[in-house]
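Asker: Here is what each chain is made of, one letter per residue.
Protein chains: 2
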Amino acid sequence: MKRPASFEKLLTILRKLPSVGPKMSERMAFRILRMTEEEIKDFIETLQDAHKEVRPCVICGHWDDSSPCRICSDETRDKTVLCVVENSQDVQAVGRIRDFNGVYHVLGGVLSPLEGIGPQDIQIASLMKRLEGEPIVEVILALNSDVEGETTAQYLAKQITFLSIKVQSNGRPEGIRITRPAQGLPAGGELEYMDELTLTRAFEGRREFDRN
Amino acid sequence: MKRPASFEKLLTILRKLPSVGPKMSERMAFRILRMTEEEIKDFIETLQDAHKEVRPCVICGHWDDSSPCRICSDETRDKTVLCVVENSQDVQAVGRIRDFNGVYHVLGGVLSPLEGIGPQDIQIASLMKRLEGEPIVEVILALNSDVEGETTAQYLAKQITFLSIKVQSNGRPEGIRITRPAQGLPAGGELEYMDELTLTRAFEGRREFDRN
Numbered sequence: 023m024k025r026p027a028s029f030e031k032l033l034t035i036l037r038k039l040p041s042v043g044p045k046m047s048e049r050m051a052f053r054i055l056r057m058t059e060e061e062i063k064d065f066i067e068t069l070q071d072a073h074k075e076v077r078p079c080v081i082c083g084h085w086d087d088s089s090p091c092r093i094c095s096d097e098t099r100d101k102t103v104l105c106v107v108e109n110s111q112d113v114q115a116v117g118r119i120r121d122f123n124g125v126y127h128v129l130g131g132v133l134s135p136l137e138g139i140g141p142q143d144i145q146i147a148s149l150m151k152r153l154e155g156e157p158i159v160e161v162i163l164a165l166n167s168d169v170e171g172e173t174t175a176q177y178l179a180k181q182i183t184f185l186s187i188k189v190q191s192n193g194r195p196e197g198i199r200i201t202r203p204a205q206g207l208p209a210g211g212e213l214e215y216m217d218e219l220t221l222t223r224a225f226e227g228r229r230e231f232d233r234n
Numbered sequence: 023m024k025r026p027a028s029f030e031k032l033l034t035i036l037r038k039l040p041s042v043g044p045k046m047s048e049r050m051a052f053r054i055l056r057m058t059e060e061e062i063k064d065f066i067e068t069l070q071d072a073h074k075e076v077r078p079c080v081i082c083g084h085w086d087d088s089s090p091c092r093i094c095s096d097e098t099r100d101k102t103v104l105c106v107v108e109n110s111q112d113v114q115a116v117g118r119i120r121d122f123n124g125v126y127h128v129l130g131g132v133l134s135p136l137e138g139i140g141p142q143d144i145q146i147a148s149l150m151k152r153l154e155g156e157p158i159v160e161v162i163l164a165l166n167s168d169v170e171g172e173t174t175a176q177y178l179a180k181q182i183t184f185l186s187i188k189v190q191s192n193g194r195p196e197g198i199r200i201t202r203p204a205q206g207l208p209a210g211g212e213l214e215y216m217d218e219l220t221l222t223r224a225f226e227g228r229r230e231f232d233r234n
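Residue numbers (the working numbering), protein chains in the order written: chain A, 23 to 234; chain B, 23 to 234.
Each hint can be trusted.
Repeated chains share a single entry, so a pair holds when one copy, or any two copies, can fit it.
Listed below are the simulated DSSO-like cross-link pairs for lysine-lysine, each with C-alpha atoms no more than 27 Å apart in a straight line:
no.	residue 1	residue 2
1	31	45
2	63	31
3	45	74
4	24	74
5	74	38
6	74	31
7	101	188
8	74	63
9	101	24
10	63	45
11	63	38
12	151	188
Bear in mind the hints are in silico, worked out from the structure with no lab data behind them. The structure presented is a predicted model; accordingly, all values stated were derived computationally and were not measured.
Using the sequences and the hints, build the whole thing.
Answerer: See the structure below:
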């Protein structure tokens with residue numbers, strides 16, 4: 023007995039969501055079918071509203087309901103310290119650290135030769151443009167401590183080092199300091215899963231990037 | 023930094039889906055936000071179509087896009103053998119057994135005193151009505167082999183035994199046979215996760231219900 027076409031299609035689109043396999047899509051589908059008229063209306067309106075309102079910030083790439091986002095628009099923030107992260111979830115994670123009051127740059131991914139993701143596929147050009155044009159004195163490379171994160175950090179450090187020399191001769195004699203969160207991130211760990219204490223320690227103990 | 027209200031609401035409704043926790047709702051939300059206009063339109067239309075078209079069958083309770091469902095409407099099916107299952111997913115599972123050509127009755131749940139689910143909360147009254155009015159000679163109680171499934175099977179067996187005596191005196195001398203799938207269902211296992219072979223063996227080896 024084949025399922026109705028509309029049911030099969032529902033399963034197909036639910037499986038496009040991350041971590042949703044055949045069994046889970048089925049359970050989710052039945053939950054959706056069992057919704058009352060009012061519930062499904064609210065569910066759909068919520069999807070539409072969020073999709074319409076929440077978008078990436080033109081400056082930093084963080085997803086918010088205004089662009090520039092509320093972080094970039096916040097006059098009380100220290101615009102000289104820039105934290106580079108992989109994605110918008112990481113902005114939320116770092117945002118939980120009370121001591122950090124800088125701004126962000128969301129790469130929207132990390133370098134991954136295996137998956138064919140190169141420098142042009144993530145927000146590196148816009149990062150370099152910001153570092154050149156904005157009065158930034160420190161870049162914190164807060165990337166995951168896995169292979170892709172490390173590779174991306176190494177790549178960015180080199181690029182920023184070159185840029186630092188350039189800005190030093192163009193009226194910013196101190197150049198741009200490159201730091202990384204230190205202790206706290208276990209090997210292979212993903213930033214967005216870390217607790218506040220672990221992240222706070224990692225940010226407190228951040229060290230100079232090893233340029234060798 | 024608080025998230026946008028529309029984003030928070032999206033997280034809230036996604037967490038209402040089964041097995042979706044805080045982290046997963048976040049990943050799902052970002053996948054949804056990143057959808058193109060066309061993708062989100064298709065996603066929403068699919069939800070609407072399925073919710074509108076797929077509904078429970080008035081006879082057996084199985085979710086299909088017609089009511090009576092295609093199984094109940096199928097003239098080639100043996101209407102004298104009725105398979106009682108907990109939910110519509112189980113109909114799909116049993117439907118994979120090539121040898122089974124009977125019809126179904128979906129309870130829509132199982133008895134659970136701890137969760138306050140009693141006989142009036144699941145489709146038992148309609149089952150009894152069918153057994154009395156339709157020419158059914160065998161009921162297969164294909165419920166999960168966990169505590170709730172066992173309890174429900176015991177309860178149903180008693181009710182059907184009483185009804186069998188009644189129909190025997192009302193022109194169905196053979197009464198109603200009560201069977202259960204035998205070997206194959208491991209203790210505590212859930213029916214909808216079983217493979218075809220396990221289910222086939224369980225149906226082949228089904229035995230009389232122990233009425234003590």
